[in-house]
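Engineer: Listed below, chain by chain, are the residues.
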Amino acid sequence: MQVRIRAKGETLVVQMRGELDHHAATGLRMEIDAKLAENKIKNVLFNFRDVDFMDSSGFGMILGRYKAVREKGGKVLACSLRPPVRRVFELGGLTSRIPVFGTEQEALDDLWGGEDG
Amino acid sequence: MQVRIRAKGETLVVQMRGELDHHAATGLRMEIDAKLAENKIKNVLFNFRDVDFMDSSGFGMILGRYKAVREKGGKVLACSLRPPVRRVFELGGLTSRIPVFGTEQEALDDLWGGEDG
Amino acid sequence: MTSGGERMDNYLKLEIPAKSRNEAFARVVVAAFAAQADPTIDEISDVKTAVSEAVTNAIIHGYENNPSGTILLSATLAGRRLEITVVDYGVGIEDVEMARQPLYTSKPELERSGMGFTIMENFMDEFSVVSLPGQGTTVTMARVFDGSLPGKPEQPYGREA
Amino acid sequence: MTSGGERMDNYLKLEIPAKSRNEAFARVVVAAFAAQADPTIDEISDVKTAVSEAVTNAIIHGYENNPSGTILLSATLAGRRLEITVVDYGVGIEDVEMARQPLYTSKPELERSGMGFTIMENFMDEFSVVSLPGQGTTVTMARVFDGSLPGKPEQPYGREA
Ligand SMILES: Nc1ncnc2c1ncn2[C@@H]1O[C@H](COP(=O)(O)OP(=O)(O)O)[C@@H](O)[C@H]1O
Ligand SMILES: Nc1ncnc2c1ncn2[C@@H]1O[C@H](COP(=O)(O)OP(=O)(O)O)[C@@H](O)[C@H]1O
Numbered sequence: 001m002q003v004r005i006r007a008k009g010e011t012l013v014v015q016m017r018g019e020l021d022h023h024a025a026t027g028l029r030m031e032i033d034a035k036l037a038e039n040k041i042k043n044v045l046f047n048f049r050d051v052d053f054m055d056s057s058g059f060g061m062i063l064g065r066y067k068a069v070r071e072k073g074g075k076v077l078a079c080s081l082r083p084p085v086r087r088v089f090e091l092g093g094l095t096s097r098i099p100v101f102g103t104e105q106e107a108l109d110d111l112w113g114g115e116d117g
Numbered sequence: 001m002q003v004r005i006r007a008k009g010e011t012l013v014v015q016m017r018g019e020l021d022h023h024a025a026t027g028l029r030m031e032i033d034a035k036l037a038e039n040k041i042k043n044v045l046f047n048f049r050d051v052d053f054m055d056s057s058g059f060g061m062i063l064g065r066y067k068a069v070r071e072k073g074g075k076v077l078a079c080s081l082r083p084p085v086r087r088v089f090e091l092g093g094l095t096s097r098i099p100v101f102g103t104e105q106e107a108l109d110d111l112w113g114g115e116d117g
Numbered sequence: 001m002t003s004g005g006e007r008m009d010n011y012l013k014l015e016i017p018a019k020s021r022n023e024a025f026a027r028v029v030v031a032a033f034a035a036q037a038d039p040t041i042d043e044i045s046d047v048k049t050a051v052s053e054a055v056t057n058a059i060i061h062g063y064e065n066n067p068s069g070t071i072l073l074s075a076t077l078a079g080r081r082l083e084i085t086v087v088d089y090g091v092g093i094e095d096v097e098m099a100r101q102p103l104y105t106s107k108p109e110l111e112r113s114g115m116g117f118t119i120m121e122n123f124m125d126e127f128s129v130v131s132l133p134g135q136g137t138t139v140t141m142a143r144v145f146d147g148s149l150p151g152k153p154e155q156p157y158g159r160e161a
Numbered sequence: 001m002t003s004g005g006e007r008m009d010n011y012l013k014l015e016i017p018a019k020s021r022n023e024a025f026a027r028v029v030v031a032a033f034a035a036q037a038d039p040t041i042d043e044i045s046d047v048k049t050a051v052s053e054a055v056t057n058a059i060i061h062g063y064e065n066n067p068s069g070t071i072l073l074s075a076t077l078a079g080r081r082l083e084i085t086v087v088d089y090g091v092g093i094e095d096v097e098m099a100r101q102p103l104y105t106s107k108p109e110l111e112r113s114g115m116g117f118t119i120m121e122n123f124m125d126e127f128s129v130v131s132l133p134g135q136g137t138t139v140t141m142a143r144v145f146d147g148s149l150p151g152k153p154e155q156p157y158g159r160e161a
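Protein chains in written order, with my numbering: chain A, 1 to 117; chain B, 1 to 117; chain C, 1 to 161; chain D, 1 to 161.
By construction, these hints were calculated from the structure, which means they are not laboratory data.
Each statement offered as a hint is correct.
Think about it this way: if two alpha-carbon atoms lie no more than 30 Å apart in a straight line, the pair counts; the simulated DSBU-like pairs of lysine-lysine are:
{"no.": "1", "chain 1": "A", "residue 1": "72", "chain 2": "A", "residue 2": "40"}
{"no.": "2", "chain 1": "A", "residue 1": "67", "chain 2": "C", "residue 2": "107"}
{"no.": "3", "chain 1": "A", "residue 1": "8", "chain 2": "A", "residue 2": "72"}
{"no.": "4", "chain 1": "B", "residue 1": "35", "chain 2": "B", "residue 2": "72"}
{"no.": "5", "chain 1": "A", "residue 1": "75", "chain 2": "A", "residue 2": "35"}
{"no.": "6", "chain 1": "B", "residue 1": "35", "chain 2": "D", "residue 2": "19"}
{"no.": "7", "chain 1": "B", "residue 1": "42", "chain 2": "D", "residue 2": "107"}
{"no.": "8", "chain 1": "B", "residue 1": "75", "chain 2": "B", "residue 2": "8"}
{"no.": "9", "chain 1": "A", "residue 1": "42", "chain 2": "C", "residue 2": "107"}
{"no.": "10", "chain 1": "C", "residue 1": "13", "chain 2": "D", "residue 2": "13"}
{"no.": "11", "chain 1": "A", "residue 1": "35", "chain 2": "C", "residue 2": "107"}
{"no.": "12", "chain 1": "A", "residue 1": "40", "chain 2": "A", "residue 2": "8"}
{"no.": "13", "chain 1": "B", "residue 1": "35", "chain 2": "B", "residue 2": "8"}
{"no.": "14", "chain 1": "C", "residue 1": "107", "chain 2": "A", "residue 2": "75"}
{"no.": "15", "chain 1": "C", "residue 1": "19", "chain 2": "A", "residue 2": "35"}
{"no.": "16", "chain 1": "B", "residue 1": "67", "chain 2": "D", "residue 2": "107"}
{"no.": "17", "chain 1": "A", "residue 1": "8", "chain 2": "A", "residue 2": "75"}
{"no.": "18", "chain 1": "A", "residue 1": "35", "chain 2": "A", "residue 2": "8"}
{"no.": "19", "chain 1": "A", "residue 1": "72", "chain 2": "C", "residue 2": "107"}
{"no.": "20", "chain 1": "B", "residue 1": "67", "chain 2": "D", "residue 2": "19"}
{"no.": "21", "chain 1": "A", "residue 1": "67", "chain 2": "C", "residue 2": "19"}
{"no.": "22", "chain 1": "D", "residue 1": "107", "chain 2": "B", "residue 2": "75"}
{"no.": "23", "chain 1": "A", "residue 1": "42", "chain 2": "A", "residue 2": "75"}
{"no.": "24", "chain 1": "D", "residue 1": "107", "chain 2": "B", "residue 2": "72"}
{"no.": "25", "chain 1": "B", "residue 1": "42", "chain 2": "B", "residue 2": "8"}
{"no.": "26", "chain 1": "A", "residue 1": "40", "chain 2": "A", "residue 2": "75"}
{"no.": "27", "chain 1": "C", "residue 1": "19", "chain 2": "D", "residue 2": "13"}
{"no.": "28", "chain 1": "D", "residue 1": "107", "chain 2": "B", "residue 2": "35"}
{"no.": "29", "chain 1": "D", "residue 1": "19", "chain 2": "C", "residue 2": "13"}
{"no.": "30", "chain 1": "B", "residue 1": "8", "chain 2": "B", "residue 2": "67"}
Some chain D residues well away from chain B (every beta-carbon gap over 10 Å; in silico):
{"no.": "31", "residue": "13"}
{"no.": "32", "residue": "37"}
{"no.": "33", "residue": "78"}
{"no.": "34", "residue": "85"}
{"no.": "35", "residue": "98"}
{"no.": "36", "residue": "100"}
{"no.": "37", "residue": "101"}
{"no.": "38", "residue": "106"}
{"no.": "39", "residue": "126"}
{"no.": "40", "residue": "128"}
All C-beta atoms, glycine included, are put in the ideal place defined by N, C-alpha and C.
Put together the whole structure using the sequences plus the hints.
Structural biologist: As structure tokens, this is what we get:
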């Protein structure tokens with residue numbers, strides 16, 4: 001899996017490409033946690049646009065970040081879920097904890113709207 | 001492998017897509033021979049544009065058609081070879097027996113030019 | 001040879017070491033094998049997910065991330081019915097009933113979600129686990145590629161009340 | 001455990017029946033396995049061709065198209081060196097030297113070109129055949145993914161006089 005991680009204001013945008021399984025999740029978890037330890041990051045947005053596969057290990061990694069970020073008062077969001085990924089999100093009840101958006105921009109708008117209001 | 005076989009005048013144009021191995025060659029051989037038995041067909045043009053793999057079984061099938069067609073006074077031609085297919089053609093010395101063209105049109109022009117002259 | 005035997009169209013038996021990069025490899029192998037039976041994209045995606053869960057469990061739980069462990073993956077195709085077996089010779093499971101509960105995991109510290117068995121059960125038509133503590137675990141699952149949703153090949157779209 | 005042992009990064013052992021549709025399957029399996037070592041497109045294409053030849057020979061010659069025969073394909077990856085073994089328990093080869101000659105085939109009626117062994121030899125760095133008549137045939141071949149042409153990993157482009 002290929003990953004690009006950028007900071008957009010207080011939000012870390014994690015753009016993934018490929019298959020999010022245990023092998024990929026193990027590496028990605030460490031990368032994200034290193035960035036989370038940095039300065040001003042509060043929220044994490046997972047962009048699934050180019051992810052065509054996720055299993056329960058990927059699910060566990062997302063849930064783990066959700067718990068860590070929430071403890072520090074931040075939010076975890078997801079966007080651009082394809083059907084196979086959405087299926088696993090729903091089966092595990094992740095959609096009731098993590099807001100899911102159609103596009104990255106919609107997710108960021110929601111966060112920034114929330115900050116203004 | 002997917003195949004489309006058309007008659008263009010006296011020439012059978014065999015357009016292939018996929019991998020030309022023993023499994024594919026076995027079926028294709030029968031299809032071509034059935035058409036060759038028909039009426040006015042004299043020549044065979046193999047269009048390799050969408051063939052990304054050929055092994056010695058595909059090679060043997062081409063060589064077999066070459067021999068059968070030549071016996072009846074016709075020609076076998078090939079066009080649009082990709083590098084992996086060209087490699088096998090050359091290793092087996094097929095390029096010295098079967099004229100290879102860049103495009104289907106060039107091959108047909110050559111045949112028709114020959115008929116006129 | 002014998003009459004009444006199940007028609008077996010193809011099979012594979014694969015042995016691979018318990019390395020996490022083989023999770024993706026196992027998915028490719030099963031997807032390429034299953035392709036012969038012309039599954040839909042959703043069907044192949046479900047099967048890949050279930051295989052990924054079983055192989056990952058063998059690596060993480062069965063062998064506790066020791067890559068010298070051996071995983072056996074076998075698959076048979078009879079018509080459009082795909083059966084898959086994943087075997088490890090690892091630590092085994094004391095209480096299979098408990099292990100199968102959604103959200104149950106023995107390794108929360110590894111951020112396991114406890115959803116592996118639940119996914120296998122929901123994404124396949126048939127699913128079973130046999131395990132002997134200290135000897136290993138065998139997961140067997142099957143899916144019929146008939147375009148219906150998993151778990152209900154005879155009555156597509158008919159389960160919801 | 002032992003010192004001086006060759007570093008083995010990954011392996012697979014695959015058993016499949018001698019069916020011609022498994023020729024393509026064997027190629028996919030080896031290509032997916034080899035992908036870990038980052039081969040070039042040409043390298044992977046050469047390896048797929050060599051595997052296709054060996055598996056096809058097992059089916060056509062070893063088992064004379066009897067699909068109840070069993071083919072064992074194994075592969076190991078040590079760094080960027082891929083070694084592949086294809087085994088059948090079929091009729092075997094009386095005279096391996098003759099069989100290896102370019103254009104030699106015992107089945108011209110099947111339109112075999114006699115180029116299979118020649119392709120394996122030319123597309124891989126190392127190649128050997130061991131066969132016992134009546135017992136079967138083992139083909140072993142290796143390729144190092146270093147971007148050089150096959151057969152000459154140490155001196156790329158250097159063979160022609
Ligand atoms: N192959 C296995 N070997 C040993 N234990 C296993 C195996 N597969 C599953 N288990 C046990 O069953 C539990 C539940 O598995 P699962 O539903 O896949 O969730 P998870 O992998 O997230 O823990 C695991 O936590 C583990 O204790
Ligand atoms: N696995 C095998 N079992 C028995 N005979 C074999 C096997 N592989 C090759 N041979 C023999 O070696 C000959 C040459 O093989 P090859 O170069 O691949 O050409 P071809 O397959 O076109 O005949 C075959 O014709 C056959 O007699």
